[in-house]
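Colleague: What follows is each chain in one-letter form.
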Amino acid sequence: MTAEAATPTTPQPAAGEPADDDGPDATPGLARRTLAVFARNRLALLGAGLLAALLAFCFLGPLVHPTDQVHTDLDQASLAPGEAGHPLGTTDLGYDMLGRLMHGGQTSLEVGLAAGLLATLFGTVYGAVAGYFGGWADAVLMRVTDAALAIPALFLLVVVAAMVTPSKPVLILVIASVAWLSPARLIRGEALTLRSRDYVHAMRLMGGGGGRAVFRHIVPNAVGTMIVNATFQIADAILYVAYLSFLGLSIPPPAADWGSMLSSGITYTQVGYWWLIFPPGLAIVLVVAAFNFIGDGLRDAFDVRLQKN
Amino acid sequence: MRQSRTRTRVRARIHRPHGRLLASVTLLVATALLAGCGPKVEAVTDVRPGQGTPVEGGTAVMALPPAATPNWIFPIGAPGYLATYNSAIQNLLYPPLYTPEPDKSGKLTMDSPRNVADKPRFSDGNRTVTVTLKKRYRWSDGEPVTADDVRFWFELIRANKDDWGGYSPKLLPDNVERFQVLDDHTFRLRLDRSYNPAWFTADQLEYFKPLPRHAWSKKGEDPKKVFKRLLTHAKQLSKFDSDPLWKTTMGPWRVEKWTASGHVSLVPNKRYAGPDKPHLDRVVLKPFTTASSEFNVLRAGGLDYGYIPPSVMAQSAHFKETGYRIDPWESWGVTYLVPNLNHPETGPLMRQRYVRRALQSLIDQKAISKHVWHGSAEPTLGPVPSALMEENALPYDPEKARSLLAAHGWKRGEDGHGTLRCAAPGTGEGHCGKGIDKGQELALELLSQSGSTETSNTMQAIKSSFSRAGVRLDIREQPLNTVLGTTVPCKPKEPVCSQWQLGFFGTQGSWIFPAEPSGQQLFATGAPSNMGNWSDPRTDELIKRTEYSDDDSAMRDYARHLAREVPVLWTPNPAYQVSVIRSDLRGVDQNPTLTLAPQDWYFVKKPARGGKGANR
Numbered sequence: 006m007t008a009e010a011a012t013p014t015t016p017q018p019a020a021g022e023p024a025d026d027d028g029p030d031a032t033p034g035l036a037r038r039t040l041a042v043f044a045r046n047r048l049a050l051l052g053a054g055l056l057a058a059l060l061a062f063c064f065l066g067p068l069v070h071p072t073d074q075v076h077t078d079l080d081q082a083s084l085a086p087g088e089a090g091h092p093l094g095t096t097d098l099g100y101d102m103l104g105r106l107m108h109g110g111q112t113s114l115e116v117g118l119a120a121g122l123l124a125t126l127f128g129t130v131y132g133a134v135a136g137y138f139g140g141w142a143d144a145v146l147m148r149v150t151d152a153a154l155a156i157p158a159l160f161l162l163v164v165v166a167a168m169v170t171p172s173k174p175v176l177i178l179v180i181a182s183v184a185w186l187s188p189a190r191l192i193r194g195e196a197l198t199l200r201s202r203d204y205v206h207a208m209r210l211m212g213g214g215g216g217r218a219v220f221r222h223i224v225p226n227a228v229g230t231m232i233v234n235a236t237f238q239i240a241d242a243i244l245y246v247a248y249l250s251f252l253g254l255s256i257p258p259p260a261a262d263w264g265s266m267l268s269s270g271i272t273y274t275q276v277g278y279w280w281l282i283f284p285p286g287l288a289i290v291l292v293v294a295a296f297n298f299i300g301d302g303l304r305d306a307f308d309v310r311l312q313k314n
Numbered sequence: 049m050r051q052s053r054t055r056t057r058v059r060a061r062i063h064r065p066h067g068r069l070l071a072s073v074t075l076l077v078a079t080a081l082l083a084g085c086g087p088k089v090e091a092v093t094d095v096r097p098g099q100g101t102p103v104e105g106g107t108a109v110m111a112l113p114p115a116a117t118p119n120w121i122f123p124i125g126a127p128g129y130l131a132t133y134n135s136a137i138q139n140l141l142y143p144p145l146y147t148p149e150p151d152k153s154g155k156l157t158m159d160s161p162r163n164v165a166d167k168p169r170f171s172d173g174n175r176t177v178t179v180t181l182k183k184r185y186r187w188s189d190g191e192p193v194t195a196d197d198v199r200f201w202f203e204l205i206r207a208n209k210d211d212w213g214g215y216s217p218k219l220l221p222d223n224v225e226r227f228q229v230l231d232d233h234t235f236r237l238r239l240d241r242s243y244n245p246a247w248f249t250a251d252q253l254e255y256f257k258p259l260p261r262h263a264w265s266k267k268g269e270d271p272k273k274v275f276k277r278l279l280t281h282a283k284q285l286s287k288f289d290s291d292p293l294w295k296t297t298m299g300p301w302r303v304e305k306w307t308a309s310g311h312v313s314l315v316p317n318k319r320y321a322g323p324d325k326p327h328l329d330r331v332v333l334k335p336f337t338t339a340s341s342e343f344n345v346l347r348a349g350g351l352d353y354g355y356i357p358p359s360v361m362a363q364s365a366h367f368k369e370t371g372y373r374i375d376p377w378e379s380w381g382v383t384y385l386v387p388n389l390n391h392p393e394t395g396p397l398m399r400q401r402y403v404r405r406a407l408q409s410l411i412d413q414k415a416i417s418k419h420v421w422h423g424s425a426e427p428t429l430g431p432v433p434s435a436l437m438e439e440n441a442l443p444y445d446p447e448k449a450r451s452l453l454a455a456h457g458w459k460r461g462e463d464g465h466g467t468l469r470c471a472a473p474g475t476g477e478g479h480c481g482k483g484i485d486k487g488q489e490l491a492l493e494l495l496s497q498s499g500s501t502e503t504s505n506t507m508q509a510i511k512s513s514f515s516r517a518g519v520r521l522d523i524r525e526q527p528l529n530t531v532l533g534t535t536v537p538c539k540p541k542e543p544v545c546s547q548w549q550l551g552f553f554g555t556q557g558s559w560i561f562p563a564e565p566s567g568q569q570l571f572a573t574g575a576p577s578n579m580g581n582w583s584d585p586r587t588d589e590l591i592k593r594t595e596y597s598d599d600d601s602a603m604r605d606y607a608r609h610l611a612r613e614v615p616v617l618w619t620p621n622p623a624y625q626v627s628v629i630r631s632d633l634r635g636v637d638q639n640p641t642l643t644l645a646p647q648d649w650y651f652v653k654k655p656a657r658g659g660k661g662a663n664r
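Keeping their order, the protein sequence lines are chains L and R.
For the first sequence, my numbering assigns the number 6 to the initial residue and increments by one for each residue that follows.
For the second sequence, my numbering assigns the number 49 to the initial residue and increments by one for each residue that follows.
Simulated from the structure, these hints should not be mistaken for laboratory data.
Remember, it's a predicted structure, so these values are computed and weren't measured experimentally.
Where is the CB? At the ideal position from N, CA and C, for every residue including glycine.
Watch out, some of these pointers could steer you wrong.
Computed from the model, here is a short list of chain R residues facing chain L with C-beta under 7 Å [as the list claims (entries may be wrong)]:
#1 S359
#2 A362
#3 T467
Sample of chain R residues facing chain L (criterion: CB under 8 Å; computed from the structure) [as the list claims (entries may be wrong)]:
#4 R184
#5 H311
#6 S341
#7 V345
#8 S364
#9 A415
#10 A509
#11 I523
The following residues of chain L were derived to be distant from chain R, with all beta-carbon distances above 10 Å [as the list claims (entries may be wrong)]:
#12 A36
#13 A44
#14 F64
#15 G66
#16 D80
#17 A89
#18 A119
#19 A142
#20 R148
#21 V149
#22 A153
#23 S182
#24 D203
#25 P257
#26 T272
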């Protein structure tokens, strides 16, 4: 396989063959090499470990430490950590802080993951279509992207979130609606390179249409870039959830997320209720760091040169 | 080579993790800084209370309530524009004839020295009132203030009473049969019957104010036409400080700047002839979206007169150390959630007395006052300030609420969870009541004002308590002006009536009374501030008694009746604000009716060694 024939991020299938028709040994080999490179990256492993721990904390934690996160308990309001059986204290409405951290984490992670993945999927298809078809379609699609990118994302998010009552599906759609722009541009660049490959030409000579080219050749061959970008998109989406919630545009109580918890805790900074602030703040930092480390590791893992080394 | 560049470019484009990490770390660091690692507040002044030499001039910056933006300069308040900060500013430009003020014992009276008129004289069995204006007052353009200017105000409200926020059927202007100008400074009112003089002065004459007929109207012009023109100007918020119409004032202040975002700057009216001439050069009223943002500016020394959120009451000692004094501003008011009794869907629910009583029994006012308001609120016990109430007719009692609802055919799901549904429709004993269908949920949506942690938490506590009993409450928060503009009296078929089910606008008290806390504005049938459309012949009768009779039992009976009927759901009445005032800013008297008198404010400077204290 020559250097000219290789794709930027993945090994090139033989000319005329679709990417998913590689020989039976090719995919396991690729996966093994990718995993091996990923496993050599300590930060990536740390990120994966952190993410696994956070997921377990948020989704399995409530089984170990069940709490009522729906009803307030004013008699238990603002207790310090350790008081009355509350390891991380209680909020100003008497919610157990540890339980709320788990409860809020579920929302942050669910919305972040869903919005990040949705944005990546949509952006990938959009960018692949623009890049593959080129010409006026590319010009129109990418000018739309450029125009949307010119509007500050946070401003758009605040306006949209203020117009509708935030809920999980709404937040996912709102965040994904501004986050797809970056993957669209990225994949469009990939598509511009991939569309001139021999196997794409061969597929067209055999009568394959644009849809087949995009979904069977362009997108699968850009999967490395997609996955790496998705990790960063998820991290971004989690931060967007935090931003919006911090600005008061969160899912209405008793639902919570880390951003809204941070926002509520800020009210009490002056009276020293640190337990309302640092846990959600730290959780946001950890989850964003985890996704970034994983993204870094995946980027290296998909890098052909590193695999050869 | 070309491919290598492409790969590098791709790598560069997706290699941006540090930006995100930096953002999240920044979030945490910023939080940590806010949490107390930030710069400490410097002392603003070290002039002790009672000391200092008064000085003329200076600018005082006062914080407006959270999410409150003054948006009405026209001194005839329209429905939806009746916020206290609007009227407080209007009264500084166009003062009323009589201003309620507490006497030395704290009792509200109408005998303020800043009154524009002498004490009213009642005659003819309290059917005739004669008022004489003090002769010294002039408009800012030099024209004298006359009785005809008061008649101009009266003509405007009489011709446009439905557009006047203070209108109550059969009261002003309906109850004045004749307005007679006796001379340049005296007018006489012939009333439709005899009234309680104390009530009439406190609750009716307090509205009377001179308006500049010479500047606002041509001779003989139709009052409806004049009013329409004035309303057009009154809706041009961005021109309040430039429109020549609003330049002719008679109060101690005039507008220097008024922005659409609510920033108001006032400077002294040089031609003001009252006894309370301003000492300061300028008063600035600054808007804030939230109490937290106000608090941060206050801590940074950006306010001379602000407030602290109840959640940080523990910080009051810190402010005292840095040259401020803490002074809770108690209001003469009540606070409540208003149910829209004319809402097409939830109106029939809330028209049921037992539903209202059950919901009231689910509101733990004591706990909310203590834990959410940190002691800066007290339970509202009925339609008059708590000081006048004898008992709490419906204390917190969730068991009683549950059994009351169950006794009227409301049931939860098979498992005893979920929202209550009507299982026994009908109007008889043990049935849900008129207009309630089988299977209808006991669910309400609350439109509540935003910007206050305490209000949000109060609503969450109520939602939680309702939820335990099977009542679903969905909360939607909006800025105060939006809430006030939406929660207006309405008829069932009007579109606005479908826009809200339950409303709350009481972060600083829902209703502030004049000196006499009668209910003609709030609960009389068709009253302009009867937002929930309450209509009850017995209530109307009892309100009338408070207007006509000076017997103490009239007010007591009215209060007792409505405390039990629960036309609105009573919630803790917070102090208007816990004020934080620079110790060198003096003369600040916090009127429980929430009027402002910045003309009394003055700064003091540090006394010379061995000097005497403040003597103003």
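Colleague: For each hint, tell me whether it holds in the structure or not.
Modeller: Hint check results:
no. : hint : verdict
1   : S359 : holds, 5 Å
2   : A362 : holds, 5 Å
3   : T467 : violated, 13 Å
4   : R184 : violated, 48 Å
5   : H311 : violated, 22 Å
6   : S341 : violated, 11 Å
7   : V345 : violated, 14 Å
8   : S364 : violated, 11 Å
9   : A415 : holds, 4 Å
10  : A509 : holds, 5 Å
11  : I523 : holds, 6 Å
12  : A36  : holds, 20 Å
13  : A44  : holds, 19 Å
14  : F64  : holds, 21 Å
15  : G66  : holds, 21 Å
16  : D80  : violated, 7 Å
17  : A89  : holds, 15 Å
18  : A119 : holds, 18 Å
19  : A142 : holds, 22 Å
20  : R148 : holds, 19 Å
21  : V149 : holds, 19 Å
22  : A153 : holds, 17 Å
23  : S182 : holds, 19 Å
24  : D203 : holds, 14 Å
25  : P257 : violated, 6 Å
26  : T272 : violated, 5 Å
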